[in-house]
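Trainee: Sequence:
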Amino acid sequence: MRIRRLAIDDYDEIVQLWSRAKLPFRPKGRDNKRETEAQMDTYPTLFLGMYEADRLVGVVVSTSDGRKGWINRLAVAPEYRHRGIARRLIVESEKRFRKLGLALFCSLIDDDNGASKELFRKCGYVEHHDIIYFSKRDSDEV
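Each residue of the sequence shown is one higher than the one before, counting from 14 in the numbering used here.
Each hint should be verified, as a subset may be incorrect.
Taking CB as the label site, the calculated pair distances span [claimed, not checked]: (1) Val104 - Thr55: 20 to 28 angstroms; (2) Gly79 - Tyr146: 26 to 34 angstroms; (3) Gly79 - Lys35: 14 to 22 angstroms; (4) Asp78 - Ser129: 28 to 36 angstroms; (5) Ala128 - Glu105: 15 to 23 angstroms; (6) Lys81 - Gly127: 19 to 27 angstroms; (7) Arg150 - Pro91: 28 to 36 angstroms; (8) Val104 - Ala20: 15 to 23 angstroms; (9) Asp125 - Ala20: 29 to 37 angstroms.
BS3-like mimics (lysine-lysine), calculated; alpha carbons at most 27 angstroms apart, straight line [as the list claims (entries may be wrong)]: (10) Lys81 - Lys112; (11) Lys135 - Lys81; (12) Lys130 - Lys149; (13) Lys135 - Lys108; (14) Lys35 - Lys135; (15) Lys35 - Lys149; (16) Lys112 - Lys130; (17) Lys81 - Lys108; (18) Lys108 - Lys149; (19) Lys149 - Lys112; (20) Lys135 - Lys46; (21) Lys41 - Lys149; (22) Lys46 - Lys81; (23) Lys81 - Lys149; (24) Lys130 - Lys35.
These are calculated hints, taken from the structure and not from any lab test. All residues carry an ideal CB built from backbone N, CA and C; glycine is no exception.
Based on the provided sequences and hints, a complete structural model is requested.
Mentor: The structure is reproduced here in structure tokens:
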């Protein structure tokens with residue numbers, strides 16, 4: 014298996030993987046093709062896919078706010094789980110963040126997603142109970 018940078022030509026394959034992995038996404042909003050392409054242009058080295066031959070089996074969309082590296086949209090095809098793919102994508106994201114001069118890495122995980130929380134713990138991340146997340150959205154699609 015190999016990791017490679019994703020491009021907008023991979024969009025349909027990314028969305029199919031998110032669907033198979035049951036990762037919630039908003040194709041009419043922030044996850045539409047135009048928005049995804051804009052993010053890829055902003056963070057060209059941080060959209061990564063894990064491939065077995067020519068098949069996309071894992072994906073991570075990472076970003077930076079200039080102070081922190083954010084690991085987002087991490088998904089692995091159900092039939093490829095428990096093979097270390099997500100861990101390898103996290104490690105590769107961290108390497109790329111370091112090349113950008115970042116030393117703090119974060120991920121927002123839904124409280125009921127125990128598998129993801131456990132994965133990040135195993136990768137050395139600390140869960141913070143003293144932080145409350147607030148958001149304001151112009152619509153349900155953003």
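Trainee: Next step is simple, just say for each hint if it's right about the structure.
Mentor: A quick look at each hint next to the structure:
| no. | hint | in the structure |
| --- | --- | --- |
| 1 | Val104 - Thr55: 20 to 28 angstroms | holds (22 angstroms) |
| 2 | Gly79 - Tyr146: 26 to 34 angstroms | violated (19 angstroms) |
| 3 | Gly79 - Lys35: 14 to 22 angstroms | violated (32 angstroms) |
| 4 | Asp78 - Ser129: 28 to 36 angstroms | violated (21 angstroms) |
| 5 | Ala128 - Glu105: 15 to 23 angstroms | holds (20 angstroms) |
| 6 | Lys81 - Gly127: 19 to 27 angstroms | holds (24 angstroms) |
| 7 | Arg150 - Pro91: 28 to 36 angstroms | holds (29 angstroms) |
| 8 | Val104 - Ala20: 15 to 23 angstroms | holds (22 angstroms) |
| 9 | Asp125 - Ala20: 29 to 37 angstroms | holds (33 angstroms) |
| 10 | Lys81 - Lys112 | holds (13 angstroms) |
| 11 | Lys135 - Lys81 | holds (20 angstroms) |
| 12 | Lys130 - Lys149 | holds (24 angstroms) |
| 13 | Lys135 - Lys108 | holds (17 angstroms) |
| 14 | Lys35 - Lys135 | holds (22 angstroms) |
| 15 | Lys35 - Lys149 | holds (24 angstroms) |
| 16 | Lys112 - Lys130 | holds (26 angstroms) |
| 17 | Lys81 - Lys108 | holds (13 angstroms) |
| 18 | Lys108 - Lys149 | violated (31 angstroms) |
| 19 | Lys149 - Lys112 | violated (32 angstroms) |
| 20 | Lys135 - Lys46 | violated (33 angstroms) |
| 21 | Lys41 - Lys149 | holds (18 angstroms) |
| 22 | Lys46 - Lys81 | holds (25 angstroms) |
| 23 | Lys81 - Lys149 | holds (21 angstroms) |
| 24 | Lys130 - Lys35 | holds (16 angstroms) |
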